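A.B. asks: Listed here are the chains, written in short residue letters.
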Amino acid sequence: MSETTYTATELETPVHTVRLESTNHDGSFLGKNLAPKKFAASAGSGFAMADLLFGLDLGNAPTFGFAFPEWRGHVSDVQFRPDMSTLVQWEPGLQSVIGDYWQADGSPIGTCPRNLARKLVDRLATRGFTATVAVEIEATLFQESIHEAREKGYRDLTPLGGSAGTAYHLAKSKDWIDYMSAVARRLDEIGIEWEAWSDEDAAGQVELNLVPGDPISVCDNWARARQVMREVAFERGHTVTFMAKPTAGYGQASHVNLSLQRDGVNAFYAEDGPSPTMRHAVGGLLATMRGAASVMLPQITSYRRLVDLSGPPTTITWGIANKSTAVRAVCGHPAYSRLEYRVPGADANLYLAVAAILAGVIAGLDGEIEPPEPVSDLAWCVPDLERLPNTITKAAAALETDLILREQLGDEFVDYWVGTRRWEWMQFHTAGGDPFAELSEWESARYFEFP
Amino acid sequence: MTETTIGHATRGADAVGGLDIRIEDDASPIVRLIGRTIADSVRANGADSVVATVAGTVAVRSHDTPQAATISISDGVVAVSSGVFVEPDLTLTVDLNGRFALVGEPVVAGDDDLAAAALALLAPPLPDWKVAADSFWAAARSVPGIPDMLVAITEGPEGLDQHVVGEGETHYVIAGPPELLAGIFSGADDLIAALSTGLIGVRGTFSQLSVLVAASWKVRYDV
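Residue numbers (the working numbering), protein chains in the order written: chain A, 2 to 452; chain B, 206 to 428.
The shape of chain A in the complex, shown without the other chains (with noise of 0.2 Å):
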């Protein structure tokens, strides 16, 4: 539940701004900036903030061709609630605060991805157990500033530390090393706990992971470290993008791992393999997946990611450390069994990606969903395997029916979603996209900044 009580004496002085934070359906971070005196003013009420900030595409337009919730009225207002426990400093004058979306009569906006991500943390709960996730940032970093990019529509630009090597090289120029590393200082600076970075495969590639924690707290935390190499991308005069694929060459995923707690104990370990509790969790994964890829692969250029052997996965399977499936099994160790879901692109917005991921486990371990047997073969090239839904209009039918995540995410979620996925197939087609070109100019345009 959000805070909604705060007192002026909660800002340390001297602030100058108060910066609202959220991010809407797409995954865009949004927020408002706010004066101290403002700021106090209103925090415990709350703060207006138009609807359209679900109501409009990457391309700035009205999304049409579905029926509104009933907060949707003719550009209405609706409250934004910061949670004072996500407070910090994000630079020297300028403090940050993260908040959900509710209705005037104080029930939460179903789309909402930060409720909706809680309303399933929370119900897990009651199953007794709680979740701790991790997930693995993948950006690309590119020489230009966003000004020259915005030039060059985005395209033909130079990657970051060079174009040789692959990943784990640590012999990449400085300016690579130079980037991250002020990066790194930044989160320190701001209290976001990371783990590792290094480069990744794509030319220009990185991947920054987070420290491991509860759902809630680390979707924060992505959603802030991305920003942070935004600003620290303008600071040094280079530009990041965490479009699913920025060039015609390799893509970007967005992994996340999680393991389930019950009484302190990792639920998902056992010491010959898979715990009854992740082979259900499993099962509830497999059984959701082809609805849930349209939360994972959220944009046009997601899907052009799936190419077998390059790296995401293509069909809908788990398997025992194996890479190569949509769910990677870690099993055997009392600390660290896990399960890694693989399917999210880079674009994918992390709070509503969680919020599918628990609605799967979720629905296994109450239906004892069990799964079919682990894949121990390459899943890639495999004819008699099913694969993902290869399109944002299949995945998207694929999740209007989903009677499993209909229930868990909610009816008023789902046909947004899925009325602002058809909404993003017409606009690519209609209004310039290209659907035979490796990438088209349309999408460089839309999905390379935002989000």
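Watch out, some of these pointers could steer you wrong.
Here are the simulated lysine to aspartate or glutamate pairs, EDC-like style, with alpha carbons at most 16 Å apart [what the hints assert, rightly or not]: (1) A:K173 with A:E196; (2) A:K395 with B:D231; (3) A:K395 with B:D230.
From the structure, some residues in chain B lie toward chain A, with a derived Cβ separation under 10 Å [said to hold, decoys possible]: (4) D230; (5) S347; (6) V348; (7) F411; (8) V428.
With the C-beta cut set under 7 Å, the calculated list includes, among others, these residues of chain B facing chain A [as the list claims (entries may be wrong)]: (9) P349; (10) I405; (11) G409; (12) S412; (13) V418; (14) A419.
Rather than coming from a laboratory, the hints here were simulated on the basis of the structure.
Here the structure is a predicted model, which is why all the values come from computation and not from measurement.
Glycine included, C-beta positions come from ideal geometry on N, C-alpha and C.
We have chain A; now place chain B onto it with these hints.
C.D. replies: For chain B alone, kept in the frame of chain A given last:
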């Protein structure tokens, strides 16, 4: 893989007037638009007789976007698929928001009969606006959130004319020239594009407008 299925057409739509019209699975808007337009032509004109006498491939390209599709006519079957991956017998560059109006001359590599047949298939006659409103509202009933009634208003030679479809407590008003209303209701014209011309007026809630867009997609693209 790219966003859109680019394989050959595989799924048969309902036979229309004895003609087998096929579009591919997970078809793109242009494929759906062409398939629906050809079906309307066959229903209105009995254009299946036109198809029976010709064969060949027709490339249809949008004049202002990368949208493209291939119409294959063979043995009385019309198949529409996304993209152009063969050397076509005929290439038509068209305005997709202008009822397939030609932009430039057709590029003919085969016989002229194919061009005549293709142009006929892509130009079904507009129904009367009231008839179109009836069929539009019938198709829209399955769209979640659709109002109970449609009030269509136009101004003809004898002044204002109104046509009401459906019954119930909620209604939506749409007004404009009869030919444009007929175009919207039949799927020949895009509702959002029509609104941007200023020739169409609507009254209702924001949500109802969104739902009306869904209904217009249903008749235009069969989605």
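A.B. asks: Any of the earlier hints contradicted here, and which numbers?
C.D. replies: Those not satisfied are hints 1, 5, 10 and 11.
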